[in-house]
Amino acid sequence: MKVRLTCSVNQEPVDVLVDDYKTLLEVLREDLQLTGTKHGCELGECGACAVLVDGSPVLSCLVLAVESAGRRITTVEGLAADGRLHPLQECFADLGASQCGYCTPGILITAKALLDAEPNPSRERICEALSGNLCRCTGYLQIVEAVEAALRLGAASKQRQPLLAQSEPGAGQ
Amino acid sequence: MRLPGFRYRAPRTIEDAAAWLAEQPADSMLLAGGTDLLPNMKRRQQTPSTIIGLSGIGALAEIRNGDGLTIGAGVTLSNLVADPRIRTSYAGLWQAAAQVATPHLRNMGTIGGNVCLDTRCTYYDQNYEWRKSIDFCMKRDGKTCWVATSSPKCLAVSSTDTAPMLQALDASVTLVSAGGARVLPIADLFANDGMHYLTRQRDEILASIAVPALDGWRSAYWKLRRRGAFDFPVASAAVAARLDGRRVVDARIVLGAVSSRPLSADRAVAQLLGQELTDDLIASAGAAAAEIAKPMDNTDFELVWRKKMVRALVSAALHEIRGDDMRARRLQLARQEMLSMPASTSAAR
Amino acid sequence: MTPRRIIGQPRRRVDGRAKVTGQTRFADDIILPRMLHCRLLRSTHPHARIVSIDTGKAEQLDGVHLVLTGESFPIAYGILPVSHDEHALCRDKVRFVGDPVAAVIARDEVTAESAVNLIDVVYGPLRTFAEPAESLAHDEPRIHDYGDHGNVHKAVSLQFGDVDAAMAAADHVFDDVFFFEGNTHLPIEQHASVAVKDPDGKLVIYTSTQTPHYLHRALAKALAMPAAHIRVVATPNGGGFGGKSDPFNHELVVAKAAMLLDRPVKICLNREEVFYCHRGRHPVTMRFRTGVTRDGKITALDLQTLLDGGSYGSYGVASTFYTGALQTVTYDIPRYRFRGCRVFTNKPPCGPKRGHGTPQSRFGQEVQLDKIAEHLKRDPAGLRLGMIAPPDSLTANYLRVGTIGLAECITKVVERSNWKDKFRKLPLGRGVGLACSSYLSGAGMPINWNDLPHSGVQLKLDRSGGVTVFCGATEIGQGSDDVLVGIVAEVLGIDPFDVRAVTGDTDLTPVDLGSYSSRVTLMMGNAAIQAAERARAIVAGPVAAKLGVPADRLVFADRRVFDSEQPDRSVTFQEAVCIAEARVGTIGTTGSYTPPKAAGHFKGGGVGPSPTYSYTAAVVEVDVDAETGWITVPRVWIAHDIGCALNPTLVRGQVEGSVYMGLGEALMEEQAFRRLPPRLSSALVHKFPSMLEYKSPTSLDMPEIVTDLIEHPDPRGPFGAKEVGQGPLLPIMPAVANAVYDAVGVRVDQIPVSPEKILRALQAKAAGKPARVGPASFPDVAWPEPLLVTPPHEGGDGRASNEPDRRLRRKAEAGVEATAGVRS
Ligand SMILES: Cc1cc2nc3c(=O)[nH]c(=O)nc-3n(C[C@H](O)[C@H](O)[C@H](O)COP(=O)(O)OP(=O)(O)OC[C@H]3O[C@@H](n4cnc5c(N)ncnc54)[C@H](O)[C@@H]3O)c2cc1C
Ligand code: SF4
Ligand code: FES
Ligand code: FES
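Chains as they are written, first to last, in my numbering: chain A, 1 to 173; chain B, 1 to 349; chain C, 1 to 824.
Treat the hints with caution; some may be incorrect.
Said to hold, decoys possible - Derived EDC-like pairs: lysine to aspartate or glutamate, alpha-carbon spacing no greater than 16 Å straight-line:
1) B:K307 - C:E756
2) C:K687 - B:D135
3) B:K132 - C:D120
Unchecked claim - Derived list of chain B stretches under chain A, where covered just means 3 residues or more per stretch with a C-beta under 8 Å from a C-beta of chain A:
4) 102 to 108
5) 225 to 236
Since the hints were derived computationally from the structure, they do not count as laboratory data. C-beta: ideal position from N, C-alpha, C; glycine also.
Excised from the complex, chain A in its bound form (with noise of 0.2 Å):
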């Protein structure tokens, strides 16, 4: 059976009619047709289907679509805005931080709400708050570097404008 799904994602208002049984990652990817968001198990026993869900990191694969209703939806695909990448995308793709990708967008979710919660984790603290992400192919030092790299270019950027001279390769190394 169908029913209609009404929420925001990633900051735009979508109005669909789903599956009933359908999960947030199954209809972001299916009928949203948002496949930046991945999976690797369907059983929360991963993280690569982090989200956003109003705010915080959640697993899309565990949550009902149903109950996504009215809520604001965060997705890989939200994160660069006004034609710029977000800062940890600019560092993940510099520094290593991404090999095959596919845990990627799961952990920068994850990131950016750490980031938008703290202004200054420690390394310990990184390194907890991705502990629900599993990445098979960097070892993760990469990608906890590249979490402290945008953390100071993304607070040089707060101090000068323009973002970032150049969204072109190498721009945040």
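Chains B and C with the ligands: place on chain A using the hints.
Just chains B and C with the ligands, lined up with the frame of chain A:
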């Protein structure tokens, strides 16, 4: 992996929820954070025809002061961990909640769902096809318990982190049904049966958990799991005690994940009462506690070793309560620095 | 020579932006109009005859378009020509729980799943084999009706020189048995494929494969279609690690279904199914007998390995040889006997995982060396420094070694870790361990023996000033697109952003054999250099004429072409291309790479040769609680002989990723199985096919890692580069075990080194028993007579003295293969 079909209903009040639950108690299930129920449904371990979603009931999501604290069943573990009252007054509960699963799952999962968490078993927490390959088991769709084939009952493991600690803190729970409410000690909510692990009636809703004001009590929670995140406990020690200097005035020790329910280690407690908390006493209480642990071969790690670890966990908790600096040890086991608290705050006031 | 602008600089990888914006299109991200969905019915029996399959009810279900069974797939396939033992869907028997039996294609996944549950299969159970010992003990029933005999898939035996004499002459002979448990790749991406009949009526499949070329061949064979009418597009892989290198059942099924239905058909496996695809690390029992002189030189090695292959051949024959191939490349071993045996069992097939067949025996060798050092009272680092294989030499088993940076690697990690102050000096419970390794930079022999290039690159330059580079190589996260683009940009003196890469597409790109055996950087890189240098030469001629300077004085850099002696005489790169295009016409070049021929001409000599080998040394520090055995790893120092780091950011990522994966294997990862009590049930199942219970380290489980790169360019590699994707994983497991010994004085001769095992060893030690956990003995295997090959330094010519005429046989094999490849 797709969810099976279901009817979804979203009450705004506990009363509505209770009334709807009463309509079809056998086929309905409550959904809080969904982090336990939804994986189970995807694996076809639980297949309710109606889901009653509790997330819209604001009253369930509050933490209220009173004589102690009353925690709504719908409070997420993240909100629980973020509440300064928990961290300062109920250190063990904070440590337990902060070690559940992962940050994302704590953002979603509730304390009510954690207390009511389905028991776990590596023969049961599997896809339908896998379970078909072993011809199912007693807990769902089958006859035999593969963990102990002669066992008349299911031996699935109570794997909740907060319940043992809540029991050690002498919490009580309020259950609400269409017929009214009842309050019982949390210890009485659990039954030592992997299938019927809660004494909750099918039409009852866990509304809140009350932890008493524990003046002068200290608490600590030590959890064994393979990795620094994700993993359910495969053994844990929840200890609360009131000390006079180093003398134990009162204490409770509850073991997690070594039985189908949180297990009170009364013999170990008896050893402690009235005694100086010396290294020797701690060691012997740890050993006494480990004796009652009945780990089975249905979780991660070898069961003999898990039983041995119970002793180490109980001892570590007692050392921490005594005020020893356990940070290095905790970091080694839990791999998270923030779980360690300076000795001064590990006390409850 | 102008200084390099791109090679050697840490750079954003070319696909970095796509990955951080979620725009990288993985196979499951492809959504096509009219697309249908496929689910597979998998066997619930470990070993059984298929008595009957009734698909009637499934076909009746509304929304079901097609139900397929083994009947539709009469032709067998497999990755190695010697073991074409797979069918897309099982035909007459099933061999493990998870073996695909039927497929449903339906309007959506839910419908397909419901239909799958309506299929009735009647099975006739057969005896099951869970352990190699059982497969060795019982010849019947056979899991396959091919193989050496009974349930032995392959037993090989090679001898290089008189090993027994060398053992007898040695001052010490060390004899140790080890066990390495199986584990799996666990890529975060679940395998997915979308197949389409294109508007011309040809087959296209988009799929998460590391080896589009081999899938191309398998599809042609198994579906009996001309290869020219099949297009395989390898989508970027969300992690591979070797687990997406076989042609898979689901790929053949959706391909067939799309052709039958003329609609796009998608499948995405769930995590449990990924565990069933497996092709991961073989569980290996091994016995090392090593003769050593008083002063710490190896005189001979006698190695036996027993591999639990699971239920199909996969790469297994190669894996078997690999367990014995690389010991001699690391250390000077003048005489060598290797005997390896792979058996079939009723478990998902094992295959190539990062390090393919070599980590298991690397573990045994490096732990044994630690024991040897202890016995000889030598420092383990010093002992190894004294026995490193000589560079530019031919080993006893005919592997041609290039440059060797192992001594520098050892020296580096010893210095960085403060080894001298730590080894045997840390307090009880803390310890350090050292181990080394080497690995191929690409397999010297292709899977299907022929004389064709292993990698091809094409370049297109046009008047836009942009360059497009085409190569069959597959991006699995390792950064092959970046290597390709970086090399072309460097040679042509343009920015990587000016280059577009088209890769992994059998219609559009020249063949590259695939992302396995750490071959891509070296082979594709050399081909890319050749193509780019040819393009540069084509452009240089006309530009030199125009500028009136000799062509060999032209420099291509900074998007310009200029005279090195008068740099202001220049044109932009775009102008240069236009000048050349006007003169010579449309500009395109090709480059290709074929590795040198193997030096060994005996059967098995094809496994192990490589253009050059990488080397690694690592020191691991552990913390062990002597009371409980609980173990953590706070720090790792690693040095890797990379030759030249093309993009240091990526190289570091490969090293750290290898350390990570190595620690997972060392401490926790296990592909474990469970049998129920036999009197009640014949079940034999994967113990926990889930990401939660198959333990892989999280961010909180990772140590500090100090990485050093040793850069002595090897002339055989592009800009001197060697491999980095696999080698750095190998020393981690033995270094952990050696560190445990340093910390608490017990030997865990078995991977994973779990706390339970450490505690068991500690208890044995306390009880006065040998302070060790590990296998007691090596099983009895009926070994074939060894092929006798005289080592090169004893005057051998690379042939076995007792092998029937090999050249004739090989010609016959090659002939069969060649026809299989082109025939429809
Ligand atoms: C990968 C993974 C790792 C995990 N690790 C841990 C761990 O380490 N420790 C741990 O304790 N848990 C762990 N969990 C389980 C789970 O996330 C937590 O226990 C969580 O707190 C459950 O809460 P929930 O709100 O999501 O429960 P739900 O899934 O919503 O509910 C769980 C059960 O409780 C019932 N229920 C919920 N609310 C009520 C109520 N108010 N009244 C009556 N019944 C109710 C539901 O019907 C259901 O049977 C893990 C889960 C996953 C997927
Ligand atoms: S303990 Fe026995 S009955 Fe219970 S879930 Fe496990 S196998 Fe099934
Ligand atoms: S897909 Fe949601 S946690 Fe793995
Ligand atoms: S980059 Fe591949 S899984 Fe993280």
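Going down the list of hints, with the structure as the test:
no.: 1; hint: B:K307 - C:E756; result: holds (11 Å)
no.: 2; hint: C:K687 - B:D135; result: holds (15 Å)
no.: 3; hint: B:K132 - C:D120; result: holds (13 Å)
no.: 4; hint: 102 to 108; result: holds (count 6)
no.: 5; hint: 225 to 236; result: holds (count 3)
In the structure shown, no violation is registered for any of the earlier numbered hints.
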